[in-house]
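Protein chains in written order, with our numbering: chain G, 40 to 206; chain Y, 40 to 206; chain Z, 40 to 206; chain W, 40 to 206.
Bear in mind the hints are in silico, worked out from the structure with no lab data behind them. All C-beta atoms, glycine included, are put in the ideal place defined by N, C-alpha and C. Keep in mind that a hint or two might mislead.
Each pair of labels, with its calculated beta carbon distance range [unchecked claim]:
1) Z:Thr139 to W:Leu140: 34 to 40 Å
2) W:Asp101 to Z:Leu76: 39 to 45 Å
3) Z:Pro90 to G:His66: 56 to 62 Å
4) Z:His66 to G:Pro194: 31 to 37 Å
5) Y:Arg200 to G:Ser100: 51 to 57 Å
6) Z:Ser62 to Y:Arg44: 30 to 36 Å
7) Z:His66 to W:Asp101: 53 to 59 Å
8) G:Asn161 to Z:Gly203: 22 to 28 Å
9) G:Ala206 to Y:Arg202: 25 to 31 Å
Each chain is listed here by its residues.
4 protein chains.
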Amino acid sequence: MAKIRIALISTGGTIEKTYDELSGLLHNEIHGLDVMLARLQLEGVDIVRVPLMNKDSLEMSDADHTLIAETAGSLTATHDGVLIVHGTDTLEVTGERIVTLMGTPRVPVVLTGAMRPYIMRNTDALQNLTEALLAVQLVEPGVYVAIHNKVLRFPGVKKQRARGTFA
Amino acid sequence: MAKIRIALISTGGTIEKTYDELSGLLHNEIHGLDVMLARLQLEGVDIVRVPLMNKDSLEMSDADHTLIAETAGSLTATHDGVLIVHGTDTLEVTGERIVTLMGTPRVPVVLTGAMRPYIMRNTDALQNLTEALLAVQLVEPGVYVAIHNKVLRFPGVKKQRARGTFA
Amino acid sequence: MAKIRIALISTGGTIEKTYDELSGLLHNEIHGLDVMLARLQLEGVDIVRVPLMNKDSLEMSDADHTLIAETAGSLTATHDGVLIVHGTDTLEVTGERIVTLMGTPRVPVVLTGAMRPYIMRNTDALQNLTEALLAVQLVEPGVYVAIHNKVLRFPGVKKQRARGTFA
Amino acid sequence: MAKIRIALISTGGTIEKTYDELSGLLHNEIHGLDVMLARLQLEGVDIVRVPLMNKDSLEMSDADHTLIAETAGSLTATHDGVLIVHGTDTLEVTGERIVTLMGTPRVPVVLTGAMRPYIMRNTDALQNLTEALLAVQLVEPGVYVAIHNKVLRFPGVKKQRARGTFA
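The task is simple: from the sequences and hints, build the whole structure.
In structure tokens:
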């Protein structure tokens, strides 16, 4: 069985936050996605990495959301699926933007993120990345978030802030 | 969105193997599945645990495979999906047995396992369990193995012994 | 060989900081020391836990340092050693305070802490706690910090802020 | 404070055992010690690695024990301490051999090992290595085992096989 070719757009967010031990704060500074990908045994997909930006999603401008949506749109032309790793706080803005700009894309576009950075023992980053990497192979064309053992289709997905997940 | 109700049949295998520090050997002795499930954030499924047996799958008899297949068949009547955690060495025997006995079941039946036990740092157990728990929500009724970022449908799935995965 | 009896005073600090996924900040909220102690195989010491306070050491008042020093002093009367887990930012203030109040205590008093919380994969918490739990058995009576593979004796120990360790 | 120079002799043993997922067995094949050393923040010692052999200690011959003892003896001439990582099953044979050949060495010689390999989540390898790396700085010249929060001096140390530690 041929592997499906997916483009993986990274934009920053909690999933890749690192800890500055001298200040005691969490930052978006380096790309931990490659470490996570190396820990998974990926027999189903061939991944093309597209590091687009590295921002806390609360700091994304309207132009940032459009840029991510347009980049995802372009990549659907040449890949079997597109994955977007995104901060959860404004993930839904980017998801809706893609639907607004593209309607139903040619191939699945799946967004994911994390509530607890990869650098923490109890991270949800590996779970969510694993789910997104499988969902992109199984769902029909459309725009989705895959997180916390669920796959939800845009439009209409909202972060449940009090519970720390999506519905 | 209502959670889907799945039955999770555990049968043993590498995924739950533990280490006896006094003998230096690996055994099937306790159920580590509950520890793994507790580490995942499962918003999509409600799980009913069915601990059926705890065997290295090389030691399963023909009657064992039939028992697992029949138990899975019974559970399809009352659940939205059935998951089977199984040693990888004879996982395909159980998968084929289910197809032989049931044809296409009423709901998805997904088998999974691991090449490296959960107790090891570089385990594939959490990845495979995560994938199986998502696939059971996304695939149409049938019998599958979900492992290493792939979902393969029975009949015809084979372990690739030299590579340590399925195709 | 009889185990030595040590009192373990906890005061908070980075070592036990936890992550609030809804706010994205690190807090001193719960006691993770018991989890760390459970992961170590401690055949040399019997530990009496004394949870005295739970503060970021930058927020300790002068009275807090005196309270910790006096508590340590009291516990030297009835134990073979005293361990103090402390935020590194003002650890040296407490160390000097003990020397000022007690001179050379009857038994070893060993302070330790961490630059990266236990909840992070790359934590130094387990290393430092392991070192403190061994040093308290090996050094002569006095006041020390045990951290990062070194044991330094008060007075005169200083945090090297730019390097994130002590000298 | 100048770092002390220590020679670290590796000989194999459980601490570095790896898992062969195709056979399901544990082997002594690669050197995991460098990974462990990279995870520790070592401000007290400068380490010279001496990879002498890589054997399950049950398979060491009498000549192997003598070779390790003589190598340790040679290295005491030019270092401030010598560490030996060794399988626990015959660690005491090597410890006694050093005492027989050298009496009290010029600098501390500290042996350590592990009951559960580093590749396992619940390993004691990092704890024991941390302890040995600190003990070698704190004890007076002699031959010791540092393991499980204890430092014991040869001659006379014995593995407690039923309990999985030393006394």
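Against the structure, the hints:
no.	hint	verdict
1	Z:Thr139 to W:Leu140: 34 to 40 Å	49 Å, violated
2	W:Asp101 to Z:Leu76: 39 to 45 Å	40 Å, holds
3	Z:Pro90 to G:His66: 56 to 62 Å	31 Å, violated
4	Z:His66 to G:Pro194: 31 to 37 Å	36 Å, holds
5	Y:Arg200 to G:Ser100: 51 to 57 Å	52 Å, holds
6	Z:Ser62 to Y:Arg44: 30 to 36 Å	34 Å, holds
7	Z:His66 to W:Asp101: 53 to 59 Å	58 Å, holds
8	G:Asn161 to Z:Gly203: 22 to 28 Å	24 Å, holds
9	G:Ala206 to Y:Arg202: 25 to 31 Å	39 Å, violated
In summary, the structure is inconsistent with hints 1, 3 and 9 from the numbered list given earlier, while agreeing with the others.
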